[in-house]
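Whole structure, please, built from the sequences with the hints as guidance.
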Amino acid sequence: MHRILDRNFLILLTMKIFQHNLKTLALLLLVFVPITTYASSSGEGQVDTKEKVDGYILHHIQDSHDFHLFSYTNDAGERKHIGFPLPVILWSSEGLVSFMSSEFHHNDDGNVLVESNGLKFAKIHGKIFELNSGEEKVAFDDEKHATNAHKVLDFSITKSVFGILFVGLLMLFWFSRLAKQYKKQQIPTGFSRILEPLVIYVRDEIARPNIGEKHYRRFTGYLLTVFFFIWILNLIGLTPFGFNVTGQIAVTTCLAIFTLIIYTFSGNKHYWKHMLWMDGIPVFVKPVLAIIEFAGAFLIKPFSLLIRLYANITAGHIVVMSLIAIMFVLKNEIGVVGATGLSLVLSILITLIEVLVAFLQAYIFTMLSALFIGMAVEEHEHH
Amino acid sequence: MQDLLNDFSPGLFIIQTLLLLVLILLMVKFAWKPILSSLNEREEGIKDALDAADKAKRDMENLQADNERMKQEARLERDAMLKEAQAMKKKIIAEASEEAEKKAEEIITKAQTAIQNEKKVAINELRLQVAKYSIEIAEKVLEHELSDKKKQMKLVDTLVEDVKLN
Amino acid sequence: MYNLIGAGLVVIGAGIGLGQIGGKSVEGIARQPEASGKIQTAMIIVAALLEGLAFGALILGKG
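Residue numbers (my numbering), protein chains in the order written: chain A, 12 to 394; chain B, 6 to 171; chain C, 30 to 92.
Hints are not guaranteed to be accurate.
One side only, chain C facing chain A, incomplete, derived with CB under 7 Å [to be verified]:
#	residue
1	A77
2	E80
3	G81
4	F84
5	A86
If you anchor each label on the Cβ, the simulated ranges turn out as follows [said to hold, decoys possible]:
#	chain 1	residue 1	chain 2	residue 2	range
6	A	I292	B	A57	51 to 59 Å
7	A	K194	C	G35	53 to 61 Å
8	B	K62	A	I292	53 to 61 Å
Worth flagging that the hints you see were computed from the coordinates, not collected in a lab. Positions of the beta carbon are idealized from the N, C-alpha and C atoms, including for glycine.
Right, dumping it as structure tokens:
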């Protein structure tokens, strides 16, 4: 009963924070960012056919180098994009190079070249390529792979990095305020009052039962950080700003590797013994089992962690956007009103489910991290 | 798998690693440590307060039990005292009545003795009187009867009879 | 083509497994409502592991 209440409470809370985020983010955008309008150089028009929808969705779930808010076609038939550029920082063959992403003029198929430090760069499907020296134009092979350019290490402040920075600052702001409130009073007020039970929830429902009374204190900080990081990013992904940070494989890999490092380095003697030379089985099975256990600890566990988060969030985004796309794709088959209504109902329903999934994935990631850490530090006095 | 590897951006991975590391360190230092220690403190405080309340309750219960016991004792004592007083009363009454009886008896005895004595005195007096009267009668009879023998005899008989009766 | 079929098979298996987990844990909760918290936790963990397996198969199968 207690748990069910908890869950409902969390869902309600999710909605609250969702609203709060929207407001804060909108405010931040208004204050700090010069919103620019720029015309599209390529011929892409309105997104209204099946192929274009597919392309749009695939484009969306990728990271992007500029913060795109929305697009429209003006009276002159010109495609306008509203948003703001983000800095591009590259580690090229000539060292660090940086310029604003607006120099690509929203082009994504390698036709616009940016010259910097005597090098030429092109953006192809969200990835930045450096042209080999002496080349003037990107050449493609049959499978549309660039033949005369190579990838560079991309340290740009992409949309995802922007999202990470934003959530990091938001978390620091919220939770340091909560921490400060305790100095003056026993019970926090305002928004901090919502944060407190969440912190207690993670500590008492995730960290304590899975790691054990004796060791959980050491890891609670990491688990709390990861939980709120993933949850807030998941929720921001549901806003129309179109973040897809936790759907970036690089981000989830990083999170999984953090967990891997933590449970590997905090593993006690028994953990390693159990992994490499298990008790109570015939000697000739031991090496085989050791290999399996080793692979489990170093490959399967982190891989399942990173893939689960990535796939759930990406799938969620694809489903939501596909349902929204019903509006355009089925316009001719079932009429404008029918298509819009169908799309609206379905996408609202799936968004509600996604709000739940946003929490659930953060919960599961944190929970499994705690479980793996708990396995590593578990003590076996009774053996 | 190929798509996945193609999607993987090493630059983003490195940035995320650095940012996450910094975030964890900052959060632990500025948020989680003070928050968790405050929560702990508060929970300890609540636990202590609850323990104290529990203790107070137990003390109170003990006190009440003590009171109850003392009341019970007092009641028993009072009952005993009452009983004793009752007994004393009965005893006193019994003693008093006994004494009164004795006194009454004594008085009665004394009275009886006095009556007896009086009676004896009276009888003696009476006897003396009777004797005197007898002598006077005898004198008179003698004076009268000496004239008539028969009458004399009869008188003597009657007198004797009277004397016998007395 | 074949790897997609393989991935599909794994997903079917995972679906059956998830059904089993869900059904059995509901039965467990019905039998012992006071243990629902523990059962839910165990259910979510096992379901998450299974889900990871299914996703792994999907991604490997996609090529």
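- Query: Hint by hint, which ones does the structure fall short of?
  - Reply: The structure conflicts with hint 5 only, although it agrees with all the remaining ones.
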